[in-house]
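Asker: Each chain, written out:
There are 2 protein chains.
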Amino acid sequence: MSTAHGPALHPALASVSGYLGVFEGDGAGDYPTIEAFRYREQVSFGHVGKPFLAYEQRTWNPDTAAPMHAERGYLRLVPEGVEFVLAHPTGIVEVQQGPPVVEGTMACTSTVVEGTATAEEVRHVRRRFQLEGDVLTVDLWMTTPEVPDGAHHLRSVLHRQV
Amino acid sequence: MSTAHGPALHPALASVSGYLGVFEGDGAGDYPTIEAFRYREQVSFGHVGKPFLAYEQRTWNPDTAAPMHAERGYLRLVPEGVEFVLAHPTGIVEVQQGPPVVEGTMACTSTVVEGTATAEEVRHVRRRFQLEGDVLTVDLWMTTPEVPDGAHHLRSVLHRQV
Chain A
150 MSTAHGPALH PALASVSGYL GVFEGDGAGD YPTIEAFRYR EQVSFGHVGK PFLAYEQRTW
210 NPDTAAPMHA ERGYLRLVPE GVEFVLAHPT GIVEVQQGPP VVEGTMACTS TVVEGTATAE
270 EVRHVRRRFQ LEGDVLTVDL WMTTPEVPDG AHHLRSVLHR QV
Chain B
150 MSTAHGPALH PALASVSGYL GVFEGDGAGD YPTIEAFRYR EQVSFGHVGK PFLAYEQRTW
210 NPDTAAPMHA ERGYLRLVPE GVEFVLAHPT GIVEVQQGPP VVEGTMACTS TVVEGTATAE
270 EVRHVRRRFQ LEGDVLTVDL WMTTPEVPDG AHHLRSVLHR QV
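Chain order of the listed sequences is A and B.
The numbers in the first sequence follow the working numbering, run straight up by one, and end at 311.
The numbers in the second sequence follow the working numbering, run straight up by one, and end at 311.
Where hints are given, some of them may not hold.
Copies of the same chain look alike in the list, so a pair counts if it fits in one copy or across any two.
Result set (DMTMM-like, lysine to aspartate or glutamate): computed pairs, CA atoms no more than 25 Å apart in a straight line [claimed, not checked]:
no. : residue 1 : residue 2
1   : Lys199    : Asp298
2   : Lys199    : Asp175
3   : Lys199    : Glu252
Derived from the structure by calculation, the hints contain no laboratory data.
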């Protein structure tokens, strides 16, 4: 894929070419230690002609538009599958690994979750992105010291923006 | 500080308010294991009204404009100083900590450097940003398995873009 506005897509990105762009929609969060909440989310994936996607995400309060979470990083497509590296303003970094993307589904699991001295501890994160046409569904499961068996935390359904 | 285009700056960001914006300029890289090289670099710092800066960096070949490195993350201002979390498309994540920013100088040292299964190992990274007026000078030192005592790797001098 090549456009007038950028370099040709690296062949390693063929399985995630549908991810390129901006997606926005509603999300719902829950966890054993907090009250359920709702959010609005925007996710974008970009490329520069190399075998990775640049990833950016932010969420905001659907009523007040106040910023909530954010995260950014890179999704590497390697022969073995995917490698996802992320940083969060909560002071957390993640290294995620997963198998090759099949039919738009990207599932990955943390091999590293580390934080700054003042960050709240997160032990493990599992993520799943499912792209069907122009709809991207995002799920996240998280393990913390208080919830050592892990639990589903976030689900959002995002629509491709024109 | 408040503008028509965004929220008021969080008071914790007072020492880095000069960092807000986009800086661009020339850089030079060197390391015991590679040939010296030159690059063009752009760095941006943004905020959303919370006590962190969103950070984004990219470099490109000054002759061909081909993309070289990139990194993105967040700079947290905490009472103890700064906490910097970053992700790289090379498959590396960093957690950096440093003392409070004084007179525009932000110096930090990695407490965590981790990578994906296929990333090249980096053991330690030290960073320094020095802002004098509209000039931001960036230095980076790196320790790898091949250079266990560490060495200076990158220096760039960036100018605030209007």
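Asker: Could you run down the list of hints and mark each one as holding or not?
Answerer: Going down the list of hints, with the structure as the test:
Taking the shortest alpha-carbon separations for Lys199 and Asp298, neither the intra-copy value of 37 Å nor the inter-copy value of 31 Å comes in at or below 25 Å. Taking the shortest alpha-carbon separations for Lys199 and Asp175, only the inter-copy value of 22 Å comes in at or below 25 Å, while the best intra-copy value is 31 Å. Only within a single protomer do Lys199 and Glu252 lie at most 25 Å apart by alpha-carbon distance; the minimum there is 21 Å, versus 38 Å between protomers.
Of the hints listed earlier, the one the structure fails to meet is number 1.
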